[in-house]
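Which chain is which? The protein sequence lines are B and P, in order.
Sequence positions in the first sequence follow this note's numbering and run 11 to 342.
Sequence positions in the second sequence follow this note's numbering and run 408 to 624.
A portion of the hints provided could be inaccurate.
If the Cβ cut is set under 8 Å, some of the chain B residues that face chain P in the computed set are [unchecked claim]:
| hint | residue |
| --- | --- |
| 1 | 176 |
| 2 | 178 |
| 3 | 181 |
| 4 | 182 |
| 5 | 184 |
| 6 | 185 |
| 7 | 186 |
| 8 | 187 |
| 9 | 188 |
| 10 | 189 |
Note that these hints are calculated values from the structure, not bench results.
Where a beta carbon is used, it is the ideal one built from N, C-alpha and C, also for glycine.
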Amino acid sequence: MAVVIPKGFGEAATQAFFSGADRPELGLLHDPSRNGELAMVRGILTQHVMETVSGEVFGGGTQSRQLIDRSLSQIQTSAATADEKRRLVEMLTSIQKFYSEQPPVDGSASAGSRGITMPYTVREEAMTGANVAYNGYAHSFAGMAIQFLLFAMANIGVEMLLERQRGLWARLRSAPVSKLTMLSGKAASGALISLMILLVCFGFAMIVFGVRIQGSAIGFLGISVACALMASTFGLLVAALGNSPATARGVTTLTVLMMVMLGGAWAPTFIFPAWLQQATKVVPVRWAVDGLDAMTWRGIGLSGALLPMLVLSAFAVVFAAIAAARFRWEEA
Amino acid sequence: MIAGLVRPERGEVLVDGHVLSGDTDPVKQRIGLVPQDLALYDELTARANLRFFGGLYSMKGRALDQAIASVLELVGLADRARDLVKSFSGGMKRRLNLAAGLLHDPDVLLLDEPTVGVDPQSRNAIFENLEVLKRRGKALLYTTHYMEEVERLADRIIVMDHGRVIAEDSLTGLQSRVAVAGGGKATLEAVFLTLTGRKPPRLMATIGTTKLTMTAV
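Using the sequences and the hints, build the whole thing.
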């Protein structure tokens, strides 16, 4: 970002203050990917230029005295009526007299004090559970971790289809073990793997990128477990609904990518259109990412973890129920 | 159906007088299944595979270790216990497949074409294992397309064609049903062809749809 200030900018800006004619031009050179910073610089420039120029015009500085003198000399040749000319001369003469009775001012300090200033002050306060600073890595790692574990669990679902194809399920079912036990075993092992993926991802983020659990550690653990259960039952769903390993792999890849995209794993959901922010509440990834965000950089306490945990657990129950009802135990 | 994988539409499966019912029926402890497919985890070692399958029958600790050592010794894979299954030859996988079915010491062993695609040495090794089991008093229900295997192992033979039982008898009893020129004994293949009413050239093209089942008690 660079600001190009042309020669004579201050004088030209003062002269253009009332007339609006011949306004000098400021150049702003910027990176097109950083529009936020462009807006910020534009605001800062506006504030400071207006303060300085208005102080110069109204504060009795050299520029303002010259402006009065020049205006007085130009009044007689202007197109105004005689009455208007008389009134303007009286007003400018009064101002000239006022200036002459004031001690001469010099520099921007005194001029600025008499110019336009911001008529308010701003007190900024982040709406978080604790006084914490935003850490973008926390959101990124939440999204990445969810994506990793969904892909890992989808792969376990495809592996289950391969096991059925290879006759392994026939051997398992010949043992005195219920179908529920077998599916629960798969879900439990998947959940354990998912939990490890999540914890390893966040462990790395904490060590390397300084991500911290600013909210509740118990809440973070609870959401992690709920995420792991949701992901592992999603793997069962893949195994239950997939016709063959090949087709399941293709469909699952697309499904996971859509889920993580709409769930705010790639880009935060607050940049989505309002209707999409509401619509994506049906995507479990949304609750997982929001929950992990709440426990990390947002610094919200245990109460902020309860709803995401509940919703993720509900998704896990629904996925598991569908998987148990639809799972085909024999190869077609 | 006998292994509890498919529920019978009618009738019931009795194992030593006990009706097989439900997935968790303890009677299933007395049945061992050796499926036609190599039902093994390639990424695990032979021992880890057997530990997992033993766990399904509630086996653990020292008893499981001893059972694993015993079945690996029986199938001649004791020295490969720590090797990954994916490094095994087809014949070795077949033998480990058999070992997994024997691990919990079942009274009845269901063998579905256990020698398909196996080299002669491995097939002979499997036969020797089965003969040992037969001498130990195990009941073997063996499904195969190979007549010479039946002639070597079977005490009682059930001939099935297109899902229907054609005949049930001992080897000698079946052979006596077919007259042979010169008064000699008919081969089992000749018996089979005669019982199914097909001539040899035509049969050779369709034999794949026919299964021969025998029990050795």
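Taking the hints in turn, this is what the structure says about them:
no.	hint	verdict
1	176	holds (6 Å)
2	178	holds (5 Å)
3	181	holds (4 Å)
4	182	holds (7 Å)
5	184	holds (4 Å)
6	185	holds (4 Å)
7	186	holds (4 Å)
8	187	holds (5 Å)
9	188	holds (5 Å)
10	189	holds (6 Å)
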